[in-house]
Amino acid sequence: MTRKEIVIIHPRPSSIVAALYTLRDLNVDVAIMHGPPGCSFKHARLLEEDGIHVVTTGLEENSFVFGGHDRLVKLIKKSIELFNPKVIGVVGTCASMIIGEEMHEAVLEANPDIPVIEVEVHAGYPDNTKGVLYALKSALDAKIIDHKEFERQEYLLAKATDIEKRFGAASREYLAPSRGDIKYKVAKRVIQLIKEGKKGLIIMNAKKETGYMFADITLAVNEVAATLGIQKNLINMANIDTMLGLPRVRQHAEYIMRDLKAHGIEVHEIIGGMDEYPITGEKVSELVKDKYDDYDFAVITGVPHAIPMENIKHMELISITNGPRQVLPLKEMGHEHVLVEIDLHPKTLGVSKIVESEFGATLREIAKEA
Amino acid sequence: MKNQKIIAIYGKGGIGKSSTASNIAAACAEAGNKVMIIGCDPKSDSSITLLRGVRIPTILDLLREDMDVKEKNVVFEGYAGVKCVETGGPEPGIGCAGRGIIVAIQKLKSISGDLLKEQDLIIYDVPGDIVCGGFVAPVRKGFVNEAYIMTSGEYMPLYAANNICKGLSKIGMPLSGIICNSRNASREEEIVAKFAEEICSQLMTFIPKKSIVQDCEREGYSVMEKAPNSDIAEIYRKLGKAILENEKKNTSNSLSDKRLRELTK
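Protein chains in written order, with the numbering used here: chain A, 1 to 370; chain B, 1 to 265.
Just so you know, the hints here were simulated from the structure itself, not pulled from any lab data. If a hint is listed, it holds; no wrong ones were tucked in.
Ranges between beta-carbon positions, derived for each pair:
hint	chain 1	residue 1	chain 2	residue 2	range
1	A	Asp70	B	Ala31	40 to 48 Å
2	A	Glu109	B	Ala31	37 to 45 Å
3	B	Leu115	A	Pro308	41 to 49 Å
4	B	Asp68	A	Lys185	43 to 51 Å
5	B	Asp68	A	Ile366	52 to 60 Å
Even glycine gets a Cβ: it sits at the ideal position worked out from N, Cα and C.
If we strip away everything but chain A, and leave its shape as in the complex, we get:
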């Protein structure tokens, strides 16, 4: 009955940050962090680019010793004054949780007349999805999401955690970061495959807003094929169902669909919603088995390790991830070419249209030369 888990020593996503991103997906206007000034700075800053206000109680040594209750009460009031929000979130941190701060008491005392999502979270959880779960649970309590959506999300999170442990960055004690293969070489190979008349699957299985950049690769491969006059050999799959997920996530799907259509790209198979990246694998697998078994290559973007190898292992696999620690696991799974879009996430925050990817740009340049 002892839980056996490996201890991972490389730096990894934090559950506080996961809670912050979830609050953003729930369309919170202000996220109040109850903790030290620099806690989660990098992501807090990025989230501001994504249109939500992030503020901190900035606890220092004295607050650790004497408590930070008054600061939180003041900051809740001040945030309401400054930003006139419709919904706010209050997020715990390691420091405030260890000293036993009761954020709920501060909320009661500030007594705002808008809903507050209180997330009692710190960064000491091996699975950072705990932060998402706690935020969703509080949103459920605050009646911001319904029970059905909560259960759906809970299921997706369990699947996502499972995939990361089996094939992802949580699959072993230490994974060295890597920039993957050279984009120039792989772009040449893709163009060669298209030229040779090989049949290819372009599969986007992206996590939420990262799709704004991964969709550019779908776009670029199709453009290149169109330039060469052989677009018919390509089948596009994408997890951009506009009817699934939280409102913000559906909107991403709508924008991406709109942009792809504007470029005349047909998405032949919709494989799920943009939060369903952990469960689209089975669907892709079945589709391949039933309809596309004879395809020669596949370009898989986003979360390629969520697609089971069984039915695609005979194809030449070109994967594009945004996780530098995902390269080795993908290579070991049998993906021949693995590319990393470095710093993808920051570029996909605060946008509402497809943004250029390095691999997409490389493909387009080489196609011009050809």
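Fit chain B to the supplied structure of chain A, relying on the hints for placement.
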């Protein structure tokens, strides 16, 4: 919903909270109530006299070993069917005992939610010194609905009791009564009754100092089990009943140090 009593007993360390708590628990259980005692002291000895001197595994012992903690691993039935739980804690001087209490009571709530709801009386036995946020977690997390303070008539325990009053009113927890555990100080009952009156509370009972309490404890028993016919057993029975029936709670005042000195002169 039934009228569930979830109490915490505060007071200076060594004043007799744990032995009184286990005797009250035993007395109420004998009278047919469902009772649970949750020891929140890292020393983990709140329920030991209900378990014939045997130490039980604590919630934090198991969490430290990465065990998947189940109710049956941490809730043990003691004398008269009292459910006994110990939160446990780190070794003295290491880690953070306050966080330990928070984690342990949250774990207990998640594994024993139904059992907690079933009880007529739950006693949280908390350490005397509320040195950090974690030690008031049972109260602040909304688990406790009544607080009692135990003191003798001596100056130092009264001083501690007075400080606890300040603390309780600071966190908005009303006080349900004062329990006097005698240390044979002069005019003891009178002093403590006066103290209770001046802080706007009530004296629940006066427990005289009797060596039989110590004798029973040394052998690993509560008074209720080992000496059920003693006078003091009857006092615990009455106190238990009074607590179950008590409906009075007040936000407590606290006294100035000057007044406290005058009172104990």
